[in-house]
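Peer 1: Dock chain B against the given chain A, drawing on the hints supplied.
Chains as they are written, first to last, in this note's numbering: chain A, 1 to 94; chain B, 95 to 191.
What the hints contain is simulated information worked out from the structure, not anything from laboratory work. Wrong hints could be hidden among the right ones.
Unchecked claim - Below 25 Å or equal to it, Euclidean Cα-Cα: the simulated SDA-like pairs (lysine to any residue) are: (1) A:91 - A:48; (2) B:174 - A:65; (3) A:58 - B:141; (4) B:147 - A:89; (5) B:158 - B:168; (6) B:188 - A:35; (7) B:97 - A:18; (8) A:83 - B:100; (9) A:91 - B:100; (10) B:147 - B:180.
As the structure is a computational prediction, the values presented were derived from the model and not from experiment.
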Amino acid sequence: MTLTKANLVQEVYQQHPGLTKAQATDSVETFITLVKDSLISGEDLLLSGFGKFNVKDKRPRRGRNPQTGDELILDARRVITFKPSGILRNKING
Amino acid sequence: MNKSELIEALAEKIDLPVRETAAITKTIIDSMSNALVEGDSIEIRGFGSFTVKQYGAYTGRNPKSGEKISVAPKKLPFFKVGKDLRERVDAEAKKKK
Chain A
1 MTLTKANLVQ EVYQQHPGLT KAQATDSVET FITLVKDSLI SGEDLLLSGF
51 GKFNVKDKRP RRGRNPQTGD ELILDARRVI TFKPSGILRN KING
Chain B
95 MNKSELIEAL AEKIDLPVRE TAAITKTIID SMSNALVEGD SIEIRGFGSF
145 TVKQYGAYTG RNPKSGEKIS VAPKKLPFFK VGKDLRERVD AEAKKKK
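Next comes chain A alone, as it looks inside the complex (with noise of 0.2 Å):
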């Protein structure tokens, strides 16, 4: 199963009785929306009890073409990383 923005929808939607559908969807929409525009702007993100998305800068490197085994040069780049909070973790190996 994979649980997806519809899926999200659905569940503030029926927890949250005070709301709209189109309330509903704006909120996941615009929550989603903050995360990445925070990682954009280059700033990490904590989300207390689940993880914190971390931006990171990588510095350039020589790499390979696997297929062609020809050295190449790999840009610096920006990343974003994310690392579990203790409690996701515990919760997931419970």
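Peer 2: Frame of chain A, contents of chain B only:
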């Protein structure tokens, strides 16, 4: 940014009280946690996906003492960033230089 800052920003954008927005945020995060606990994956377009990976038992070492220790099998959530977000994060970094 942390959770309470996110809640405040969200409350303002969706025009709901902070208290209710905090409850909605909890619902979203709990739903995601529960899916992973069930062993399900999460897939959010434009953001990324989470899967639970199973790791086998292995013999590791205590990096301080060098002592051998056996590590029990475990499951860990793994996040793969979506293409759109990956590209935008990197593009923003390059723009600023």
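Peer 1: A separate judgement is required for each hint: does it hold in the structure or not?
Peer 2: Evaluation of the provided hints:
Taking the CA atoms of residue 91 (chain A) and residue 48 (chain A), the gap is about 14 Å. The hint holds against a cut of 25 Å. A C-alpha spacing of about 22 Å is found between residue 174 (chain B) and residue 65 (chain A), which places the hinted pair at or below 25 Å, so the restraint holds. Taking the CA atoms of residue 58 (chain A) and residue 141 (chain B), the gap is near 20 Å; set against the 25 Å cutoff, the hint holds. With a C-alpha separation of about 11 Å, the suggested pair residue 147 (chain B) and residue 89 (chain A) falls inside the 25 Å cut-off, and the hint holds.
Proposed proximity of residue 158 (chain B) and residue 168 (chain B) is supported: the alpha carbons are some 22 Å apart, at most 25 Å. Annotation: proposed proximity of residue 188 (chain B) to residue 35 (chain A) holds, straight-line Cα distance about 20 Å (limit 25 Å). Restraint check for residue 97 (chain B) and residue 18 (chain A): satisfied, since their Cα atoms lie roughly 23 Å apart, inside the 25 Å limit. Note on residue 83 (chain A) and residue 100 (chain B): the hinted pairing holds, with a Cα-Cα distance of about 18 Å set against a maximum of 25 Å.
Only pairs whose Cα atoms come within 25 Å are accepted, and residue 91 (chain A) paired with residue 100 (chain B) is accepted, the gap being roughly 24 Å. For the proposed pair residue 147 (chain B) and residue 180 (chain B), the alpha carbon gap of about 21 Å is at most 25 Å, so the pair holds.
Hint violations for this structure: none, all hints satisfied.
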